[in-house]
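**Q** Sequences listed follow chains A and R, in order. Numbered per the numbering used here, the first sequence finishes at 363, counting up by one with no gaps. Numbered per the numbering used here, the second sequence finishes at 363, counting up by one with no gaps.
What the hints contain is simulated information worked out from the structure, not anything from laboratory work. Bear in mind that the values here come from a model prediction, so they are computed numbers and not experimental data. Check the hints yourself; a few may be wrong.
[Claimed, not checked] With the Cβ distance kept under 7 Å, some of the chain A side facing chain R (calculated, not the full set):
| # | residue |
| --- | --- |
| 1 | R228 |
| 2 | G241 |
| 3 | V244 |
| 4 | S246 |
| 5 | A267 |
| 6 | A273 |
| 7 | F313 |
Glycine included, every Cβ here is placed at the ideal spot set by N, Cα and C.
Protein chains: 2
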Amino acid sequence: MAVHFKHVAIVGVGLIGGSLGMILKRRGMADHVVGIGRRVENLKTAVELGAIDRYVADAKEGIAGADFVVLATPVDTYERHLKEWGGLLAEGTIVTDVGSVKGPLVAQAEGLVSERACFVGGHPIAGKEKTGVAAGSVDLFKGARCILTPTARTDARALATVREVWEAAGSVVLSMDPFLHDRVLGAVSHLPHAAAFALINALTEVKERQTPELDLLAYAGGGLRDTTRIAASSPEMWRDIFLWNRDNVVAQLDIYVRHLQELKRLIQAGDGPGIEKELTRAKDVRERLNKA
Amino acid sequence: MAVHFKHVAIVGVGLIGGSLGMILKRRGMADHVVGIGRRVENLKTAVELGAIDRYVADAKEGIAGADFVVLATPVDTYERHLKEWGGLLAEGTIVTDVGSVKGPLVAQAEGLVSERACFVGGHPIAGKEKTGVAAGSVDLFKGARCILTPTARTDARALATVREVWEAAGSVVLSMDPFLHDRVLGAVSHLPHAAAFALINALTEVKERQTPELDLLAYAGGGLRDTTRIAASSPEMWRDIFLWNRDNVVAQLDIYVRHLQELKRLIQAGDGPGIEKELTRAKDVRERLNKA
C-alpha cells in the first residue's frame with residue numbers, strides 16, 4: 072500500500088526540502104504541498120520548479136491540517152520552529168527532519184512535538200556545496216543513504232511511513248541510534264569537513280609566511296582540489312553541525328591531530344620504514360573504500 | 072626549429088617516463104628511444120605500447136651515445152643512478168628528471184653529472200594513483216603544469232630544449248628556483264597528501280575505539296571519498312617525497328596542526344561567530360581555486 076499524504080508542509084524549502092517536495096509531487100504522493108519560508112524569491116522558484124504548490128510565511132498557517140511535516144531548516148533553528156508550532160500538530164501527524172546531527176536534536180524535537188504527533192529523525196546524506204531549491208532535483212537522493220534515527224519513543228508506523236518516503240526518493244534507508252549516528256557522521260563527514268576547512272586556512276598562512284611573492288594556489292593540482300572541495304560548503308551550516316556535534320568532532324579532531332603529529336615525527340626522524348608503514352596502512356584502507 | 076634527438080635514454084620506464092617516451096616517438100622527436108630498467112614485464116609492455124624501441128638492463132650501455140637522458144626513477148635512487156653513469160655522459164648530452172622534489176636533488180645531480188653534460192631539473196605535475204607504463208598515455212601531460220628548476224649552473228640552450236619537450240607534450244611550462252619549488256609543492260601537494268594519509272589512519276582509529284560494532288567506512292559519502300582519494304597513492308613514492316622535502320613538510324604540517332587546533336578550540340568553546348569566520352575564510356579561498 073503506497074504512502075499518500077493529503078497535506079504536506081515543508082518548513083525550509085532549500086536544496087533538501089525543495090528536492091523532497093519535487094519528488095512527493097512528481098510521484099503523486101501528496102495532494103497538496105505547502106512551503107513555509109521567508110525568502111520569497113526562493114519560494115517563487117520552488118513553485119516554478121514544482122517543489123511546492125504554494126507558500127506561506129506563517130508556519131502555524133502552513134502546518135494547520137498537515138498530515139506530514141518536513142523540517143528542513145538549519146538545525147540551529149529547530150528549537151525556535153518547534154516551539155512555535157510543535158505543540159499545535161494534529162493527531163497522527165508525522166514530523167520528520169533532514170538535519171546532519173541527530174542525538175541532541177532528536178531529543179529536543181521529541182520534547183517539543185505534541186504528544187499527538189509522531190516525530191521521526193532523518194538524515195538524507197545528499198549534500199552539495201550548492202544551496203537553495205534552484206540546485207534541487209528529483210534525483211538528488213537517488214542511490215544515496217538516508218539514515219533514520221528512531222528512539223524508544225518512535226511510533227513504528229510513522230517510522231515505516233518515513234522510510235517509504237525516502238525509498239520512493241531512491242535512497243538506501245538505514246536505521247541507527249541517533250547518538251551512534253553522530254559518532255559515525257562525525258567521523259565520515261564532519262571530521263573531513265573540518266580537515267578541509269583547516270587545510271585551506273593553513274595554505275593561506277603558508278602563502279603569507281613562506282611564498283608571499285607568488286600566487287601559491289595557482290600551483291594546485293587535482294589532489295589539492297579534491298582534498299579541499301568540501302571547504303566550499305556553507306559556513307553557517309557547518310558552524311551549526313560542529314556545535315551540535317561538538318563532543319564527537321572535538322574528540323575526533325584530537326585523534327586526527329595525533330596521527331598528523333605521528334606522521335610528522337616519523338618524517339622529522341627520517342624514519343623511512345615507519346613512514347612507509349603508516350602510508351601503506353592508509354592506502355590499504357582507502358582502496359577498500361573504492362571497492363565499497 | 073623543432074627539437075629532435077638521435078638517441079633518447081629513459082631511465083625508469085614507469086607512468087611518467089613511459090608516457091614521455093610515447094610522446095617523443097609518436098611526434099617523431101627521437102630517432103631511437105631506449106628504456107633502462109629491471110622489470111622485464113613492464114619493459115616489454117613499454118615496447119608494445121610504443122613508449123620505447125628497445126630496453127636494456129645495463130644503464131651504461133643504454134646511455135652510451137645518448138643526446139637526451141630522462142631520469143624517471145624514484146628520487147631516492149638518483150644518487151645510485153648518477154654515480155653509475157653520470158660521469159660517462161658525452162659532450163652536450165642533456166639530462167633531465169621528473170622528480171617531485173627538486174632543491175636537494177638538483178644540487179646532488181649537478182654534482183654527479185659530467186661537466187660535459189647539461190642537467191635540467193624538471194617536475195611534470197601529472198601524477199595518478201596508478202603507476203607503471205601500462206597506465207601511461209600521450210595525453211598524460213596535456214594541460215598540466217611542468218615546473219623546470221634551472222640554477223646558476225644551468226645551460227640556457229639545454230633549458231630551452233627541455234622546455235620545448237614539455238611544451239610538445241602539451242604542458243604549461245614554468246621556471247622556478249628548485250628550493251622555492253619545494254616550498255610551493257610542499258604546500259599544494261605534499262601537505263594535502265600527508266593530510267589525506269593521516270585522515271584515513273585517524274578514521275581507522277575512530278572505528279576501532281568508537282564504533283567497533285559497525286563498518287564505519289561503509290557510511291562514507293562523496294566528501295570523504297574526495298578528501299582522501301590521494302591516500303591511495305604509492306607509499307614508497309610518498310615516503311621518499313616526505314623525506315627529501317622534510318623541512319618544508321614538517322613546517323607546513325605544524326601550521327596545519329595549529330589551524331586544526333584553533334578550529335577545535337573554537338568548537339570546544341562553542342564560539343559560533345569564531346567558527347563561522349574561520350569557515351568563511353576557507354570557503355572564500357577555496358572558491359577562488361575553483362575559478363583558477
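**Q** Give a verdict on every hint.
**A** Going through the hints against the structure:
Against a cut-off of 7 Å between C-beta atoms, the interface hint on A/R228 is violated, since the closest Cβ of chain R lies about 27 Å away. For A/G241, the shortest C-beta to C-beta distance to chain R is roughly 15 Å, which exceeds 7 Å, and the interface hint is violated. Taken as an interface hint, A/V244 does not check out: its beta carbon lies about 13 Å from the nearest beta carbon of chain R, beyond 7 Å. The restraint placing A/S246 at the interface with chain R is violated, with a minimum CB-CB distance near 12 Å, outside the 7 Å limit.
Residue-level restraint check for A/A267 holds (minimum Cβ-Cβ distance to chain R is 6 Å; threshold 7 Å). Proximity of A/A273 to chain R holds as hinted, the smallest CB-CB distance being about 4 Å (cut-off 7 Å). With 7 Å as the threshold, the beta carbon of A/F313 comes within range of chain R, its nearest partner Cβ sitting at about 5 Å, so the hint holds.
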